[in-house]
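Asker: Next come the chains, spelled out residue by residue.
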Amino acid sequence: MTHSINHHLSEKLIAGYAAGTLPEAVNLIIASHISLCDTCRAEVEAHEAVGGAIMERVESAEVSEACLSGALDLIRNGAWSALDQRVAAPDPVLPAPLRDYVGGTLDDVNWRPVGMGVKQAVLETSSEATARLLYIPAGTAVPDHGHSGMELTLVLKGAFSDELDRFARGDIEIAHEDMQHTPIADVSEDCICLAVTDAPLKFKGLLPRLMQPFLKI
Amino acid sequence: MLGSSAPFDANDVTPVAAGVLSRGGEGMRTVGMKRVGLDTPEMTEDWVGCLVRIRDNRDEAAFVEVFEHFAPRVKAFLMRGGSDNALAEECVQEVMATVWHKSAMFDASRASVATWIFTIARNKKIDVLRKQRRPEPEDLPWGPEAEPDQADIIGLQQENRQLGEAIASLPEKQRALIEKAYFGDLSHSEIADETGLPLGTIKSRIRLALERLRHAMDNT
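Just so you know, the sequences run in chain order P and X. Counting in my numbering, the first sequence runs from 1 upward without gaps. Counting in my numbering, the second sequence runs from 1001 upward without gaps.
Read the hints as simulated data drawn from the structure, not as lab findings. Because the structure is a prediction, the values reported are computed rather than measured. In this text, a Cβ means the ideal position worked out from N, Cα and C, and glycines have one as well. Each hint should be verified, as a subset may be incorrect.
Coverage of chain P stretches by chain X, computed from C-beta distances (three or more under 8 angstroms per stretch; other residues unrestricted) [to be verified]:
{"id": "1", "region": "45 to 55"}
{"id": "2", "region": "60 to 68"}
{"id": "3", "region": "90 to 102"}
{"id": "4", "region": "155 to 167"}
When the alpha-carbon atoms are kept at most 30 angstroms apart in a straight line, the in silico DSS-like pairs for lysine-lysine are as follows [stated by the list, open to error]:
{"id": "5", "chain 1": "X", "residue 1": "Lys1180", "chain 2": "P", "residue 2": "Lys12"}
{"id": "6", "chain 1": "P", "residue 1": "Lys12", "chain 2": "X", "residue 2": "Lys1203"}
{"id": "7", "chain 1": "X", "residue 1": "Lys1034", "chain 2": "P", "residue 2": "Lys157"}
{"id": "8", "chain 1": "P", "residue 1": "Lys12", "chain 2": "X", "residue 2": "Lys1131"}
Could you build the full structure based on these sequences and the hints that come with them?
Answerer: Here's what the structure looks like:
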């Protein structure tokens, strides 16, 4: 199920996700990747063990009697609904964290055309970073672009290739500041990705640059 | 799931050495805050056994034991993250109530109780202090054949103890850096690319536990 994934998270992203210090959009792409990749899920859980060991061993703060009685009250009488039960039906393309953000399955994604048959849907997260789903028709290239920050791209369906390698379902590409690349979707199948940027993309060429404010990227 | 037989028998549980709630002010550096010894005797407590008693018997005494040990640590973690006293206690209550209600989700072949409570506290911190949603990965539901072996549970819990000892024996500077990263005093760009921690064995054990779950899911 997960053995065919070739491109994984960096240790830095794994540690940041475990510690809980990353922007929401970055957490979203990591949660989506580890839903598909047990190798990285095990890495995250190992780093969470570090967090547990540190929390247990480093510091404690005196807790009032009222805090315990309040907690006992919560476990006896607290309404514990299916508060964080996942509601969206399974989907062959979107893993659970993405279904939570889309509010349903792939059919519920609110696609907006951005030219050349490419469509995108921006997902609502905190403003420190942006998450969007991208739909790239088979054989289509996403405009050549560089980054002023980091761009993470997770393939959900189909595959794309760029100057570096080929990326298929579950693979995550980590593109840094100095990287200029042109992802092209495989000709055999339309490609759906989740892309997260922590700073605006820089497109070469005038037209994409003019469109950038409208694309919200 | 959690086994309820030896060596995590509920009868093995020794009483909590010091009631945290009644702990006086002696030896505290700042009001209400204290450094915990890096190798406190409480580390040997059978927290997995407590979780089994909570899950299987809704055992409030076990809950109080877990609370007395972990609530002050969760509170310190939240206050380091910027919470004031009142908010921290409110969050502590919710974190500990989550431990009670979700005890059936705890997998002792993948996490220690401290690790599991840390993840609940971390998510609460993101929710309340950073006011963000916390995207969580797809659940790996328990299948009928998913019961882990006692040996796997013991192995993982031992790994966790060794990890704690390894952290305690790190050079002061390196330990302080890791501590800061997990208490949220460092931004993610300041976290080192390599933590230098001996996580290899623990990763392999978790990986095996995940494979067992996947296998059980495939057979359902």
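Asker: Hints first: check each against the structure and report whether it holds.
Answerer: Now for the hints, and whether the structure bears them out:
1. 45 to 55: holds (count 11)
2. 60 to 68: holds (count 9)
3. 90 to 102: holds (count 5)
4. 155 to 167: Result for this restraint: violated, n = 0.
5. Lys1180/X / Lys12/P: Holds - the C-alpha atoms of lysine 12/P and lysine 1180/X are around 14 angstroms apart, at most 30 angstroms.
6. Lys12/P / Lys1203/X: Roughly 16 angstroms separates the two Cα atoms, so the pair holds.
7. Lys1034/X / Lys157/P: Violated, because 51 angstroms separates the two Cα atoms, which is more than 30 angstroms.
8. Lys12/P / Lys1131/X: holds (23 angstroms)
Of the numbered hints listed earlier, those contradicted by the structure are 4 and 7.
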